[in-house]
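Participant: Here's the letter readout for the chains.
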Amino acid sequence: MSNLLSSVIELGLINALTVLALFVSYRVLDICDLSTDGCFTLGGAVGAVVAISFGPCLSLLAAVGAGMLCGLVTSLLQTKLGVNSLLAGIAVNTALYSVNIAVMKGSALINLNKVTTVFSLTRQALINTPLAGCQTIIVALITVILAVAFLNFFLRTRLGLALRATGDNHQMVENSSIDPHRMKIIGLIISGGLTALSGCLLAQSQKSVNIDIGSGILTVALASLLIGRIFFPRGKLIVQLVGSVAGSLLFRFIYALALKLNMPAYMLKLVSSSIVLLAISLPYLQTQYPLFIRRLRQNRRA
Amino acid sequence: MLELRHITKIFNPHTVNEKIGINDLSLTVNDGEFITIIGSNGSGKSTLFNLIGGTLISDSGDIFLDGNNITLQKPCLRSRSIGRLFQDPMAGTAPDMTVAENLALAAKSGGWLKTISRSDRQFFRQKLSQLEMGLEDCLDQPVGLLSGGQRQALSLMMATVNPPRVLLLDEHTAALDPSSGAKVLEITEKIVTSQHLSCLMVTHNMADALKMGGRTIMLDRGKIIMDISGKERAQASVSSLVERFRSTSGKMLDDDELMLNN
Ligand SMILES: Nc1ncnc2c1ncn2[C@@H]1O[C@H](COP(=O)(O)OP(=O)(O)OP(=O)(O)O)[C@@H](O)[C@H]1O
Ligand SMILES: [Mg+2]
Numbered sequence: 001m002s003n004l005l006s007s008v009i010e011l012g013l014i015n016a017l018t019v020l021a022l023f024v025s026y027r028v029l030d031i032c033d034l035s036t037d038g039c040f041t042l043g044g045a046v047g048a049v050v051a052i053s054f055g056p057c058l059s060l061l062a063a064v065g066a067g068m069l070c071g072l073v074t075s076l077l078q079t080k081l082g083v084n085s086l087l088a089g090i091a092v093n094t095a096l097y098s099v100n101i102a103v104m105k106g107s108a109l110i111n112l113n114k115v116t117t118v119f120s121l122t123r124q125a126l127i128n129t130p131l132a133g134c135q136t137i138i139v140a141l142i143t144v145i146l147a148v149a150f151l152n153f154f155l156r157t158r159l160g161l162a163l164r165a166t167g168d169n170h171q172m173v174e175n176s177s178i179d180p181h182r183m184k185i186i187g188l189i190i191s192g193g194l195t196a197l198s199g200c201l202l203a204q205s206q207k208s209v210n211i212d213i214g215s216g217i218l219t220v221a222l223a224s225l226l227i228g229r230i231f232f233p234r235g236k237l238i239v240q241l242v243g244s245v246a247g248s249l250l251f252r253f254i255y256a257l258a259l260k261l262n263m264p265a266y267m268l269k270l271v272s273s274s275i276v277l278l279a280i281s282l283p284y285l286q287t288q289y290p291l292f293i294r295r296l297r298q299n300r301r302a
Numbered sequence: 303m304l305e306l307r308h309i310t311k312i313f314n315p316h317t318v319n320e321k322i323g324i325n326d327l328s329l330t331v332n333d334g335e336f337i338t339i340i341g342s343n344g345s346g347k348s349t350l351f352n353l354i355g356g357t358l359i360s361d362s363g364d365i366f367l368d369g370n371n372i373t374l375q376k377p378c379l380r381s382r383s384i385g386r387l388f389q390d391p392m393a394g395t396a397p398d399m400t401v402a403e404n405l406a407l408a409a410k411s412g413g414w415l416k417t418i419s420r421s422d423r424q425f426f427r428q429k430l431s432q433l434e435m436g437l438e439d440c441l442d443q444p445v446g447l448l449s450g451g452q453r454q455a456l457s458l459m460m461a462t463v464n465p466p467r468v469l470l471l472d473e474h475t476a477a478l479d480p481s482s483g484a485k486v487l488e489i490t491e492k493i494v495t496s497q498h499l500s501c502l503m504v505t506h507n508m509a510d511a512l513k514m515g516g517r518t519i520m521l522d523r524g525k526i527i528m529d530i531s532g533k534e535r536a537q538a539s540v541s542s543l544v545e546r547f548r549s550t551s552g553k554m555l556d557d558d559e560l561m562l563n564n
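Protein chains in written order, with the numbering used here: chain A, 1 to 302; chain B, 303 to 564.
Honestly, the hints are just simulated from the structure, not real lab data. Just so it is clear, CB atoms sit at the ideal spot from N, CA and C, and this is done for glycine as well. One should not assume that every hint holds.
[Said to hold, decoys possible] Computed beta-carbon distance windows for the label pairs:
#, chain 1, residue 1, chain 2, residue 2, range
1, B, 446, A, 256, 55 to 65 Å
2, A, 126, B, 439, 49 to 59 Å
3, B, 316, A, 171, 48 to 58 Å
4, B, 397, A, 230, 45 to 55 Å
5, A, 55, B, 465, 30 to 40 Å
6, B, 425, A, 97, 51 to 61 Å
7, A, 263, B, 439, 32 to 42 Å
[Unchecked claim] Chain A is nowhere near these chain B residues, computed Cβ spacing over 10 Å in every case:
#, residue
8, 378
9, 382
10, 417
11, 449
12, 460
13, 484
14, 492
15, 510
[To be verified] List time: in silico DSBU-like cross-link candidates among lysine-lysine, alpha-carbon distance up to 30 Å:
#, chain 1, residue 1, chain 2, residue 2
16, B, 429, B, 525
17, A, 80, B, 416
18, B, 429, B, 410
19, B, 492, B, 533
20, A, 105, A, 269
21, A, 207, A, 269
22, B, 410, B, 485
23, B, 416, B, 376
24, B, 513, B, 533
25, B, 513, A, 236
26, B, 492, B, 513
27, A, 80, B, 376
28, B, 513, B, 429
29, A, 236, B, 410
30, A, 236, A, 105
31, B, 485, A, 80
32, B, 485, B, 513
33, B, 492, A, 236
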């Protein structure tokens, strides 16, 4: 497998966890959670620090726990303190910058070169097997499959249905004696856990974490989610979940292609922002276009 | 039994926009009683329902349901025993979810981590076939694709699949075309009488108000100005109701809708 393609798949799969997190917060609950960037970095930072002291297995758990805590805080701000959901996300994101540096013991960069990570562990296990050298893809793939399977089950349970209804029709949920606030809290806890897990895996796969590792990840993941939506617009839950993962891979593929065509790497954020804006505004423009043409004709006649 | 004791709700008090929602209103709804509610626009009918349902909290007075004081209880807790339908057919259902998923949310069978089983689907199909609207064949369709009448009938099924202690219907057929409105009304009567539900139904149609249920009350400026049942109600005619409205409230009946629906 070419180096380029394998890095596309690796990054695509690792980011897919954040895309799945947004599937829960953005698609299901209809909340744009702006704390995603900070939460991603938190996962990387906590994962790195715990991996250094307590080993790789505990590091994944700790990262997920930290992300869930972050989701809990964001959701409590929204539901119990009446903070607007965008503002709650921004506040938590800003606060996390300090928290993350504190977690990394005052430094903005931690090197994991000599630390045992889930990837180095798997790498050793795979030596002398046909899969040798594929540890990143394998670990990421297993995690993504587990996450998709979990969401595919969870979102079809009664609790999951309540979560979906909360984003769909707030009033109806209240009338069905379900507390919509509680549903938001549960949803954001899950999406926080997934986001941090994503950050933790990225940090361990690239053997370092810096304070900016999560910057822009929300837009990248949102772009991936929306790309997935274009190709899998409707259909069963599992199709939409797999579509979100496919969107993440596709985004990374498009980006890699653009790099091949000599686009500088620093353009990533501009590209992802543009994709998000296009995907959201195109359907709107589509509805406005016929009216625009009619107005134009009328003006010409007049 | 639902009991309202001296409930008052004033909107924007002490401002130029002060509006009386409900004014010192007391009402007792006995078990199994089906009450129709009439009154001109702005007389406080929806406000009354919002107070009972908990979307509004009264300024003073108490609400008791089966002896429990629910005046300050959150709406999501109250709705365990209070079912509601609104004028807007979109209000009662989640459009992106399927018919079965909507019903499963309302039915609440099993624990939080239970998915919809085959026997659940069987149960939903059997329930929906009672509506005679062909919904039993649409279990896996998103509710957003249903007609207004179908959605309202589904909402009714969702509100009553676990029989509530009180059912509140706020002009729930007013936004439907006449034939599906009549159909939904027919189903309403069937469900309410067969389950012996306590039910409050707001309507602008005087004939329906007298025909359905066993008691009719009229609201004006947040007060009950007429409360008839039994013999008195059986002898009342639509025109006598309009006449009564005029004499009691002391103002001309200017509500077109009330007149047109005679
Ligand atoms: N949220 C609110 N804020 C301010 N005033 C309100 C509010 N809700 C209702 N009102 C006022 O309270 C009064 C009663 O309104 P309500 O909606 O209960 O009337 P209604 O009897 O349901 O009328 P309709 O037949 O038009 O549905 C009206 O004067 C209305 O303007
Ligand atoms: Mg009303």
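Participant: Could you run down the list of hints and mark each one as holding or not?
Facilitator: Structure-based check of all given hints:
1. B:446 x A:256: 55 to 65 Å: Violated: the Cβ-Cβ distance is about 38 Å, outside 55 to 65 Å.
2. A:126 x B:439: 49 to 59 Å: holds, 52 Å
3. B:316 x A:171: 48 to 58 Å: 30 Å Cβ-Cβ, so the 48 to 58 Å window is violated.
4. B:397 x A:230: 45 to 55 Å: violated, 21 Å
5. A:55 x B:465: 30 to 40 Å: violated, 56 Å
6. B:425 x A:97: 51 to 61 Å: For residue 425 of chain B and residue 97 of chain A the Cβ distance comes to about 52 Å; the hint holds.
7. A:263 x B:439: 32 to 42 Å: Violated, at about 52 Å.
8. 378: violated, 5 Å
9. 382: The claim breaks: residue 382 of chain B does not keep its Cβ more than 10 Å from every Cβ of chain A (closest is about 4 Å).
10. 417: For residue 417 of chain B, whose nearest Cβ neighbour in chain A is about 5 Å away, the distance does not exceed 10 Å, so it is violated.
11. 449: Answer for residue 449 of chain B: holds, closest chain A Cβ roughly 17 Å.
12. 460: violated, 7 Å
13. 484: holds, 25 Å
14. 492: The claim stands: residue 492 of chain B keeps its Cβ more than 10 Å from every Cβ of chain A (closest is about 21 Å).
15. 510: Given a closest Cβ separation of 23 Å, the condition holds.
16. B:429 x B:525: Answer violated: residue 429 of chain B to residue 525 of chain B is near 38 Å, above 30 Å.
17. A:80 x B:416: holds, 28 Å
18. B:429 x B:410: Between residue 429 of chain B and residue 410 of chain B the Cα gap is close to 15 Å, so the pair holds against 30 Å.
19. B:492 x B:533: Measuring from Cα to Cα gives roughly 23 Å; hence the hint holds.
20. A:105 x A:269: holds, 28 Å
21. A:207 x A:269: OK: residue 207 of chain A and residue 269 of chain A at ~23 Å, within 30 Å.
22. B:410 x B:485: Measuring from Cα to Cα gives roughly 27 Å; hence the hint holds.
23. B:416 x B:376: The given pair, whose Cα atoms are some 26 Å apart, holds under the 30 Å limit.
24. B:513 x B:533: Holds, at about 13 Å.
25. B:513 x A:236: Measuring from Cα to Cα gives roughly 45 Å; hence the hint is violated.
26. B:492 x B:513: The given pair, whose Cα atoms are some 14 Å apart, holds under the 30 Å limit.
27. A:80 x B:376: Since the Cα atoms of residue 80 of chain A and residue 376 of chain B sit roughly 14 Å apart, the hinted pair holds (cutoff 30 Å).
28. B:513 x B:429: holds, 26 Å
29. A:236 x B:410: Holds - the C-alpha atoms of residue 410 of chain B and residue 236 of chain A are around 22 Å apart, at most 30 Å.
30. A:236 x A:105: violated, 45 Å
31. B:485 x A:80: violated, 43 Å
32. B:485 x B:513: At roughly 15 Å apart (the allowed maximum being 30 Å), residue 513 of chain B and residue 485 of chain B satisfy the hint.
33. B:492 x A:236: violated, 35 Å
In terms of the numbered hints stated before, the structure departs from hints 1, 3, 4, 5, 7, 8, 9, 10, 12, 16, 25, 30, 31, 33, listed from lowest to highest.
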